[in-house]
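Peer 1: These are the residues of each chain, in order.
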Amino acid sequence: MKAILTLAFKDIKLLLRDKAGLFWVIGFPLIMALFFGAIFGSSGSGDRASIKLLLVDEDRSEYSIKYITKLSAIETFDITQVPLDSATLLVRRGKASAYVRLLIGFGKAQQQFQSDESYIELGVDPSRSFSKEIIRGMLTKVSFEMMTDMFSNPKDLLSDINDDMKAIDTSSTIADSQKVKLKKFFGGLSNFLENYDTSMMQNNSMQEGPKIVTKAITQVREGPRSSYEITFPSAILWALIGCTSAFAVSIVTEKTKGTYVRLRIAPISRAQILAGKGLAAFVTIISVSVILLVFANLVFGVRLDNPVKLAIALCSSALCFVGLMMLISVMGKTEQAVGGGGMAIMLIMSMTGGGMIPLFAMPGWMLTVSNFSLVKWGIVSLEGAIWRGYSYSEMILPVSVLLGSGIFLFVIGTTILIKRDG
Amino acid sequence: MIQLQNLKKQYGSILAVDSISLDIAKGETFGLLGPNGAGKTTTINMIVGIVKPDSGEVRFENKNGDFRFAIGNTPQALAIYEDLTAEENLNFFGKLYNLSGKKLKERVAFALDLVGLESRKKDFAKTFSGGMKRRLNLACAILHDPQILLFDEPTVGVDPQSRNFIFDNIEIMKSEGKTIIYTTHYMEEAERLCDRVAIVDKGNVLALDTVDALISTYGGASVVVAELAHENTETSSLPYEVQGDKIVVETTNPLEVVQKLSACGDTFKSIHINRADLEKVFLNLTGRSLRD
Ligand SMILES: Nc1ncnc2c1ncn2[C@@H]1O[C@H](COP(=O)(O)OP(=O)(O)O)[C@@H](O)[C@H]1O
Ligand SMILES: [Mg+2]
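Protein chains in written order, with this note's numbering: chain A, 1 to 422; chain B, 423 to 714.
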């Protein structure tokens, strides 16, 4: 095992020093993912793209209308007003990120600074914690802005108070002793407001936001959330192709550069030499894939909600392509023959297997052809884990095609290699 | 120590090694001398086990444990990673021979020092000259301190400085009592380094003996050349016929000729004995020159 690690470590080091090789292993796949992702545009809404927000205004007060106008002005949000039942449905189907429901009494409560009861309901999928926090933050911000506006225009408030005082005067239901007390209070308040410095309010940072109740609405997964959920699985397959090609060529390079002779003379078995190559390829494939996935998740909100299934998909894809690498490495005797021939085979596989045209966009006959492409099965397994919502039993088909053909190719490749050595 | 019995290897229609049998003793430096394509590399590859002979076998005596630990090979085709530094190459190959830690460090330092690459150890092998690459190639072979060393044309395409380095290295190994197999198509190298030499051609051993014995058996006559001191010397009294301004005598007894010539007093500016060499031996055995 130590020898295998030594061998694999050496190969990875050599790859890291090979700028051209690195480009095909990670640069090119990333470019493909970004390029096609941008071209296809976002069909759903990625977490970082504008957040599609539904508004259910049950309060229908002057205040709530003003509130919604303020929310709509925020660039992050793409706001549509709908009734509650459609809002719930749309969020469940993933057509919108969340809904905000303003309950009856919302305007009044906000104006009177009541904070013990909540009049805002946020309906969102529990896994979208990022969207949730953004929305919460924005709601709080708008509430404060409304409040600030109120105090920044004390004249409005003053005329309200004067109206109130007149109403008290003319009221028949209020006792006279009470009228005196109330007038004293309102008089003091209007005095305060007349001398109130508006900048004080604006500088004052408020501690507490409006009370928001969150309602969990579990999204039914039925499609990719964005074009990047399609282009990144393809990109991983491009990375696999790059790795496969790089390491197939490195096997030939060992022979043409004579280092294979030294490896064969060393006290290690041929199986160890091959295992070293396989391990190096496997580790590289997995590392590059993880880098691509994490990047996709952080930047484009590509979901990694099923890490176990994703790991299964990645490992079986990687093993499959290690087998392919073995076979490609014996396709020719020079680096050019193996590099060129290998790329040709894998380009065809990629074109027919969804590396360029996404599988969902393929006509029927092409889908049939794609069954012969290992790239297709790799993409299907990855998409299964990312957005197709595959169950474990649904994963069995792509995974066993990948593993089966991987082993088959590996055996043929190594058999030819060993025959040639003798 | 190493026995080759009737080794044979054919590549398609090319008979690389026809039938080679050798018995190499412990501690000796054994030369395989022959022109390009004679089958030297194929023979070496069969000895180290990377080419399987069509028939015949290779035997190692008193091998204890894995014989691969006892062998160090300097292949004719450079076997180093160009994108690793000299030190990284050595560390990598050392680890394959189970060297690690302090021991590995020591051996790498020793090997670098031996081939004179200590100051360049942090440089990538691809930046090295041909001679330096050959020296690194050699260093990789001796790293694990093997008892048996094989050098397959280690001086091909090498500058004189590196060539001397390599000769010195091999002589050190020789003095340490290592068993050495050295292939070359340069007869001077075989004469200088080897205790015994097998002359190979077209996959067969034509002759095998010490250098001296080979020359006296197959080299034929020596040549004595005497140059006249003055142009108009009376030549009729001389014991041999004069051609131009010198006397050239082929003889199996050069000392007798020299004695006769020196009896003529100061007639000659110089007298040389050109002893037969391995080149001559090869010519006599095959009718061809070593280098064509
Ligand atoms: N792998 C091979 N495939 C085909 N022919 C080979 C191979 N290796 C050596 N030969 C041929 O066998 C002959 C002997 O080669 P080699 O052992 O390399 O000679 P040397 O080392 O003495 O120059 C040559 O004619 C060479 O072309
Ligand atoms: Mg050779």
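Calculated directly from the structure, the hints in this document are not laboratory data.
Treat the numbers as computed from the prediction; the structure is a model and nothing was measured.
Ideal Cβ placement from N, Cα and C applies to all residues, glycine included.
Any given hint could turn out to be false.
Said to hold, decoys possible - Taking lysine to aspartate or glutamate pairs in the EDC-like style, the calculated list, with each CA pair at most 20 angstroms apart, reads:
1) K13(A) with D545(B)
2) K52(A) with D85(A)
3) K13(A) with D505(B)
Unchecked claim - Each pair of labels, with its calculated beta carbon distance range:
4) G478(B) with L347(A): 27 to 37 angstroms
5) G404(A) with S441(B): 43 to 53 angstroms
6) N458(B) with G404(A): 28 to 38 angstroms
Peer 1: Take the hints in turn and mark each one as holding or not.
Peer 2: Hints, verified against the model:
| no. | hint | verdict |
| --- | --- | --- |
| 1 | K13(A) with D545(B) | holds, 15 angstroms |
| 2 | K52(A) with D85(A) | holds, 17 angstroms |
| 3 | K13(A) with D505(B) | holds, 9 angstroms |
| 4 | G478(B) with L347(A): 27 to 37 angstroms | violated, 47 angstroms |
| 5 | G404(A) with S441(B): 43 to 53 angstroms | holds, 48 angstroms |
| 6 | N458(B) with G404(A): 28 to 38 angstroms | violated, 49 angstroms |
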